[in-house]
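Student: Protein sequences appear in the order of chains E and G. Here the first sequence stands for residues 1 to 176, numbered as in the working numbering. Here the second sequence stands for residues 1 to 115, numbered as in the working numbering.
One thing to keep in mind: the hints can contain errors.
Said to hold, decoys possible - List of simulated lysine to aspartate or glutamate pairs, EDC-like, C-alpha gap at most 16 Å: (1) G:K9 / E:E173; (2) E:K158 / E:D133; (3) G:K6 / E:E5; (4) G:K9 / E:D133; (5) E:K42 / E:E11; (6) G:K9 / E:D172; (7) E:K42 / E:D2; (8) E:K57 / E:E106; (9) E:K117 / E:D163; (10) G:K6 / E:E173; (11) E:K117 / E:E71; (12) E:K57 / E:E137; (13) G:K6 / E:D172; (14) G:K6 / E:E3; (15) E:K158 / G:D81; (16) E:K57 / E:E5; (17) E:K42 / E:E71; (18) E:K57 / E:E11; (19) E:K57 / E:E113; (20) E:K42 / E:E3.
To be verified - Among the chain E residues that face chain G by a calculated CB cut under 8 Å, a handful are: (21) P15; (22) A26; (23) T105; (24) V108; (25) R160; (26) L165; (27) G169; (28) Y174.
Rather than coming from a laboratory, the hints here were simulated on the basis of the structure. Treat the numbers as computed from the prediction; the structure is a model and nothing was measured. Heads up, the beta-carbon is just placed ideally off N, CA and C, and yes, glycines get one too.
One-letter residues, chain by chain:
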Amino acid sequence: MDESELRAQLEQFHPVSYGWALSCCAHNPMEAEDILQTAYLKVLDGRARFDGRAAFKTWLFAVIRHTAADERRRRWLHWLRLDGYRQERDDEGQPAARGDALEQTERVQLFRETLAKLPRRQQEVLHLVFYQDLTIEDAAGVMGVSRGSARTHYARGKQRLGDWLQQSGHFDEYRH
Amino acid sequence: MNTDTKLRKSFQELQEADARQAPAFRRVIQPPEPADTLPWWRWAMGATVLASLIVLLMIKPQPAVDSQPWSALSNWSATTDELLTVANTPWGNTLSTPTDSWIENSTQTNPKETL
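Please model the complete structure; the sequences and the hints are all you need to start from.
Tutor: The following block contains the structure:
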């Protein structure tokens with residue numbers, strides 16, 4: 001796949017890739033954009049090479065997930081050196097940061113906050129299955145876990161999220 | 001409506017909200033310009049200015065050394081030099097300083113006796 005083809009593929013999946021990047025970084029828009037940019041550059045300059053063994057979307061999502069994990073590690077190291085602490089304080093003041101519901105409906109915000117309470121693996125598998133329409137097998141490939149493990153995370157996550165949303169009244173609007 | 005369908009609907013709403021705030025692909029794909037490096041033309045300008053300064057310093061004529069002040073210094077003599085030649089005058093030995101008498105007295109008298 002040459003660069004123009006890669007670029008076309010990236011552009012095609014850009015909206016859903018952004019959604020996945022958001023999911024990988026606790027819905028911080030600034031961080032999601034940085035992660036996405038790094039991931040795209042990795043793809044275009046050949047540091048991440050598509051070998052065709054999986055679907056392009058599945059492979060791309062795995063690259064984004066790895067990039068987000070690297071970013072988290074980097075931020076953690078910065079935090080250890082106290083730079084990250086200051087950075088976090090700065091991020092809190094940014095208008096588009098997490099928790100800013102200016103452009104979100106209350107329902108979406110409530111859903112997002114409830115989803116964020118789940119363990120990371122459960123969040124990831126639910127996002128990949130319900131948001132990205134991937135199968136659990138493909139989700140397992142993106143997450144780098146076995147199918148059995150992905151199924152377990154999926155079942156537990158779905159159960160807990162469903163219960164919480166039911167209790168909070170989030171599902172009430174779907175009665176009709 | 002079962003839980004799966006409700007969850008799918010909720011995720012769909014989330015997807016629509018995310019899509020509204022998604023940045024343009026073109027903006028994301030542009031590689032970031034490193035903030036801590038200067039553009040090449042600034043380096044080139046700096047190097048040119050430095051090279052020009054070095055050349056100017058190398059070809060600048062050195063000022064000629066004026067020999068006049070050096071010769072004037074070698075001929076200089078202090079005005080008190082005359083005092084040093086007093087002892088060589090024929091009458092130099094006849095001069096005595098006020099302390100000479102003290103020295104003579106001290107050699108003739110025993111200090112213990114004076115006490």
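Student: For every hint, state whether the structure bears it out.
Tutor: Hint by hint, here is what the structure shows:
no., hint, in the structure
1, G:K9 / E:E173, "holds (11 Å)"
2, E:K158 / E:D133, "holds (15 Å)"
3, G:K6 / E:E5, "violated (37 Å)"
4, G:K9 / E:D133, "holds (12 Å)"
5, E:K42 / E:E11, "holds (15 Å)"
6, G:K9 / E:D172, "holds (12 Å)"
7, E:K42 / E:D2, "holds (14 Å)"
8, E:K57 / E:E106, "violated (30 Å)"
9, E:K117 / E:D163, "holds (13 Å)"
10, G:K6 / E:E173, "holds (10 Å)"
11, E:K117 / E:E71, "violated (21 Å)"
12, E:K57 / E:E137, "holds (13 Å)"
13, G:K6 / E:D172, "holds (10 Å)"
14, G:K6 / E:E3, "violated (40 Å)"
15, E:K158 / G:D81, "violated (113 Å)"
16, E:K57 / E:E5, "holds (14 Å)"
17, E:K42 / E:E71, "holds (14 Å)"
18, E:K57 / E:E11, "holds (11 Å)"
19, E:K57 / E:E113, "violated (26 Å)"
20, E:K42 / E:E3, "holds (12 Å)"
21, P15, "holds (5 Å)"
22, A26, "violated (13 Å)"
23, T105, "holds (7 Å)"
24, V108, "holds (5 Å)"
25, R160, "violated (11 Å)"
26, L165, "holds (7 Å)"
27, G169, "violated (12 Å)"
28, Y174, "holds (5 Å)"
Figure legend: structure checked against the earlier numbered hints; hints not met, in rising order: 3, 8, 11, 14, 15, 19, 22, 25 and 27.
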